[in-house]
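Number of protein chains: 2
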Amino acid sequence: MQAKAVGLYQGLPISDPASFQDIKVEVAQPQGRDLLVEVLATAVNPIDTKQRQGQVATSDPRILGFDAVGKVLAVGDRVTSIMTDDLVYYAGAVDRPGSDAQYQLVDERLVALAPKNWSVAQTAGLPLTTLTAWEALFEKLPLKAEKQANLGKTVLIVNGAGGVGSIAIQLAKWAGLTVITTTGKPATTAWVKQLGADVVLDYHDDLAKQLQAAGYDSVDHAIILHSTDLYLPLVAPLVRPLGTIVAVVTNQQPLPMDLLKPKSLNFAWEFMFTKANYQLTAMATQGMILARVAELVDQGVLQPTTKRVLEGINATNLKKAHAVVESGQMLGKLVLTAPFDAANN
Amino acid sequence: MQAKAVGLYQGLPISDPASFQDIKVEVAQPQGRDLLVEVLATAVNPIDTKQRQGQVATSDPRILGFDAVGKVLAVGDRVTSIMTDDLVYYAGAVDRPGSDAQYQLVDERLVALAPKNWSVAQTAGLPLTTLTAWEALFEKLPLKAEKQANLGKTVLIVNGAGGVGSIAIQLAKWAGLTVITTTGKPATTAWVKQLGADVVLDYHDDLAKQLQAAGYDSVDHAIILHSTDLYLPLVAPLVRPLGTIVAVVTNQQPLPMDLLKPKSLNFAWEFMFTKANYQLTAMATQGMILARVAELVDQGVLQPTTKRVLEGINATNLKKAHAVVESGQMLGKLVLTAPFDAANN
Chain A
1 MQAKAVGLYQ
11 GLPISDPASF
21 QDIKVEVAQP
31 QGRDLLVEVL
41 ATAVNPIDTK
51 QRQGQVATSD
61 PRILGFDAVG
71 KVLAVGDRVT
81 SIMTDDLVYY
91 AGAVDRPGSD
101 AQYQLVDERL
111 VALAPKNWSV
121 AQTAGLPLTT
131 LTAWEALFEK
141 LPLKAEKQAN
151 LGKTVLIVNG
161 AGGVGSIAIQ
171 LAKWAGLTVI
181 TTTGKPATTA
191 WVKQLGADVV
201 LDYHDDLAKQ
211 LQAAGYDSVD
221 HAIILHSTDL
231 YLPLVAPLVR
241 PLGTIVAVVT
251 NQQPLPMDLL
261 KPKSLNFAWE
271 FMFTKANYQL
281 TAMATQGMIL
291 ARVAELVDQG
301 VLQPTTKRVL
311 EGINATNLKK
321 AHAVVESGQM
331 LGKLVLTAPF
341 DAANN
Chain B
1 MQAKAVGLYQ
11 GLPISDPASF
21 QDIKVEVAQP
31 QGRDLLVEVL
41 ATAVNPIDTK
51 QRQGQVATSD
61 PRILGFDAVG
71 KVLAVGDRVT
81 SIMTDDLVYY
91 AGAVDRPGSD
101 AQYQLVDERL
111 VALAPKNWSV
121 AQTAGLPLTT
131 LTAWEALFEK
141 LPLKAEKQAN
151 LGKTVLIVNG
161 AGGVGSIAIQ
171 LAKWAGLTVI
181 TTTGKPATTA
191 WVKQLGADVV
201 LDYHDDLAKQ
211 LQAAGYDSVD
221 HAIILHSTDL
231 YLPLVAPLVR
241 PLGTIVAVVT
251 NQQPLPMDLL
261 KPKSLNFAWE
271 FMFTKANYQL
281 TAMATQGMIL
291 ARVAELVDQG
301 VLQPTTKRVL
311 EGINATNLKK
321 AHAVVESGQM
331 LGKLVLTAPF
341 DAANN
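As they're listed, the protein sequences go chains A and B. Residue numbering for the first sequence follows full-length UniProt numbering, beginning at 1 and increasing consecutively. Residue numbering for the second sequence follows full-length UniProt numbering, beginning at 1 and increasing consecutively.
By construction, these hints were calculated from the structure, which means they are not laboratory data. Since the model is a prediction, treat every value here as computed from it, not as a measurement. Be aware that one or more of the hints could be misleading.
Chain copies aren't distinguished; within one or between two, either way the pair holds.
[Claimed, not checked] Here are the simulated DSSO-like pairs of lysine-lysine, each with C-alpha atoms no more than 27 Å apart in a straight line:
id, residue 1, residue 2
1, 307, 173
2, 307, 319
3, 50, 261
4, 261, 144
5, 261, 193
6, 153, 193
7, 185, 173
8, 147, 307
9, 209, 147
Start from the sequences and build out the full structure, keeping to the hints where you can.
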């Protein structure tokens, strides 16, 4: 069957009219553990802009989009956990066609039922950032993924107002951590405080001095959500001996890891797509994490991080969305909702 | 009271007659949690040669030596776990006078009773390397410190024939791991096989090809005990997604950490002196580790790694020992035994 999608044929500047194009693609019936999903909303993340920029010329268009809420239309013969007509949410896999499309195939292990009480626009802001934040906090850091289970422990979250930061702050507070974060202007400071941050440092000024002024000699662990090159040398002195630093942004230059040696620090990469890319058994943990997060949403523990919604999934709106995300100024998440190919706004 | 020691006044080449000097020092009575120990044997580790080379000129002589077996002569008023006349072993702290001395003060938390059945020369080869290997395997890697508790898991130990490698192989085998290690010549290969290594790779040749030829696509984790600069890029491709690489040798250049990102690998520094340098509560784990290792020795689980013994702790023998360790060709451990200031050999 034929379906609409937004595709790209090569990595062009987002200002180029051809950077994204409305296309038609053939949709296959789901096999094995795949679900066929009708996409109702999708979000744009920094990885979309990086993948777009790096796309080599291709005659088969590439379809991006790694956050979706949608309705299950059909299931493969080995699917056990999801049924037709379920409303699901997921980030999916970076090496398969994404959610900037009317219909998408996704492995059931990466999927959970969507929260009951949020709009699709609110829910579409969750999967990629929530999986990243959850894995960073509870798989990469030695912290427990339970309510109030980490009282007395501190975590520094560099760049708390972005997509991952906005959900990481909330998950960390739920888990009982003291959250110290960085922002650069009043609007983002207000936002991270609303999300629960205990201490907010201005990234323009000396972090160590501000931390000390706030009454902390060090933090137990840190999560760097902005330039790893810039922040690793700034964050290493702030983490207590034997602590762990998690990073999500690929370094552009080799890193001065010797700074971490005297304190026997640990450094961990969090890349949400590792599990699916390598088809690890641990893939199934992503569906489980999203199921637990849906519970937290339904219990009223989490507040939405979606801050802007464009109605209509199409090339025009996707270009707008990429331009905003690319600027690095986005607070929380930006979501595109169905109808597919609606009038632009 | 006055005692003999071997001291240095500045970092000189080991061929310089003044690189180490026989000196006399004042010995204080133990306070608080300190023990006063009569040193019966000490070992020379790579950290001794690095500390010697980097020593700035000082009028108060520096005393190195971070491995000792000795008899407790007196205890501080807050000591609870050790008594006068106990035979103890320990690595001690790098920021206090070391064990190249007739008497030494050491915090009881870093100390355990020596194994019963080994000679002091055999036991003196243990503490620093064993603490490093144990912490790397069971604190930095997600492995259990119990007999046969990690069956089916693989660890790559780069440079298995050196001091840390020689004990790491044995501890890993006790814990049930499959051990893959690297060597460069027949003598070291025979040695690591005697210690229990399952697969030995020649570091002169392509590690990935040899690993594959041995029937392994990847290893679960790796411990790099030689140049981190050289081996990190070679080891990263061999470790399975979500695995951990531990390193013990400070990098000389910034490291290409981006190589570890696609697989979301973890990187951990193991520096044995972190706990004592920062006076962490975790200091006490070092005494506990040595107590468990003494049990393993007494149960016949471990074989000695001491491969060479010089009788007499004095400047002449210490120069010989540093020259050997500095050459990087040492198999296992080199130990100096009392009597203090005996005839050279």
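Hint-by-hint comparison with the structure:
In this assembly of identical chains, the alpha carbons of residue 307 and residue 173 lie at most 27 Å apart only when taken from the same copy (20 Å versus 54 Å across copies). For the homomeric pair residue 307 and residue 319, the shortest alpha-carbon distance inside one copy (17 Å) is at most 27 Å, but the shortest distance between copies (68 Å) is not. In the homo-oligomer, the alpha carbons of residue 50 and residue 261 lie at most 27 Å apart only across protomers (15 Å), although the nearest pairing inside one protomer, at 32 Å, exceeds that limit. For the homomeric pair residue 261 and residue 144, the shortest alpha-carbon distances inside one copy (26 Å) and between copies (24 Å) are both at most 27 Å.
In this assembly of identical chains, residue 261 and residue 193 lie within 27 Å of each other by CA distance neither inside one copy nor across copies; the values are 33 Å within and 31 Å between. For the homomeric pair residue 153 and residue 193, the shortest alpha-carbon distance inside one copy (18 Å) is at most 27 Å, but the shortest distance between copies (44 Å) is not. Within a single copy, residue 185 and residue 173 get their C-alpha atoms as close as 22 Å, which meets the 27 Å cut-off; across copies the closest is 55 Å, which misses it. Taking the closest pair of Cα atoms, residue 147 and residue 307 come within 27 Å of each other only inside a single copy of the chain (26 Å); across copies the shortest separation is 53 Å, beyond that limit.
In this assembly of identical chains, residue 209 and residue 147 lie within 27 Å of each other by CA distance neither inside one copy nor across copies; the values are 31 Å within and 47 Å between.
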